[in-house]
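Participant: Sequence:
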Amino acid sequence: VHPNVSQGCQGGCATCSDYNGCLSCKPRLFFVLERIGMKQIGVCLSSCPSGYYGTRYPDINKCAKCKADCDTCFTRNFCTKCKSGFYLHSGKCLEKCPDGLEANNHTMECTSIVHCETSEWSPWSPCMKKGKTCGFKRGNEVRVKEITQHPSARGNPCPATTESRKCIVQRKRCQKEGKGTK
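If you're matching positions, the sequence shown starts at 1 in full-length UniProt numbering and goes up one per residue.
Derived from the structure by calculation, the hints contain no laboratory data.
Hints should not be assumed to be uniformly reliable.
[As the list claims (entries may be wrong)] Between beta-carbon pairs, the in silico distance windows are:
| hint | residue 1 | residue 2 | range |
| --- | --- | --- | --- |
| 1 | P27 | A68 | 25 to 35 Å |
| 2 | S125 | P157 | 51 to 61 Å |
| 3 | R56 | C158 | 50 to 60 Å |
| 4 | R154 | R56 | 38 to 48 Å |
| 5 | I60 | S84 | 50 to 60 Å |
| 6 | S90 | M128 | 46 to 56 Å |
| 7 | N77 | V142 | 51 to 61 Å |
By construction, the Cβ of each residue, glycine as well, lies at the ideal position given by its N, Cα and C atoms.
Take these sequences, add in the hints, and give me the full structure.
Facilitator: Put into structure tokens, the structure is as follows:
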């Protein structure tokens with residue numbers, strides 16, 4: 001053991017020095033260098049801090065910095081959360097999303113463009129005028145369709161979901177209401 005290296009270390013260190021902090025860690029802990037001004041201090045942690053990812057080796061577990069545009073990463077080349085102003089796509093941080101994808105400003109991810117989808121038209125309603133199916137010759141009939149998938153920001157918008165057309169019915173008289181026989 002080097003004369004400046006101590007075995008009586010704090011906070012998970014296996015070996016340490018007064019000047020550099022931890023030099024090695026106890027098993028299963030991660031070694032990371034923290035910059036304090038011009039000085040770097042070794043620290044042992046149970047998991048790597050934000051902006052770092054852990055790599056396990058037979059003799060040491062180290063924390064390494066994520067790429068500059070990445071807040072949280074799984075490996076150096078696979079980001080899971082990008083820094084502000086970047087969009088996540090397949091583990092990479094991009095300033096703009098590739099063709100065929102759109103930027104989701106809520107999740108800050110590149111997502112598929114979703115177009116509106118609707119059901120088939122319903123059958124035409126009975127021919128009516130002022131809510132009645134009797135007492136007139138001309139009226140309107142209506143049909144509708146349901147929106148089954150709302151579009152994303154850049155997706156094709158939904159078409160009209162109601163159609164109305166003029167219709168003609170065989171004239172019939174309305175039944176009088178409330179007139180019973182005595």
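Participant: If a hint holds in the structure, say so; if it does not, say that too.
Facilitator: Hints versus structure:
1. Distance hint check for P27 and A68: the Cβ-Cβ separation is about 32 Å, which falls inside the suggested range of 25 to 35 Å.
2. As the Cβ distance of S125 to P157 is approximately 25 Å, the hint placing it in 51 to 61 Å is violated.
3. The hinted range of 50 to 60 Å is satisfied by R56 and C158, whose Cβ atoms lie roughly 51 Å apart.
4. With their beta carbons about 42 Å apart, R154 and R56 fall inside the hinted range of 38 to 48 Å.
5. In this structure the hint that I60 and S84 lie 50 to 60 Å apart at CB is violated, the actual value being about 33 Å.
6. For the pair S90 and M128, the supplied restraint of 46 to 56 Å holds, since their beta-carbon distance comes to about 55 Å.
7. Restraint check, N77 to V142: a C-beta distance of roughly 57 Å satisfies the suggested window 51 to 61 Å.
In the structure shown, a violation is registered for the earlier hints numbered 2, 5, in ascending order.
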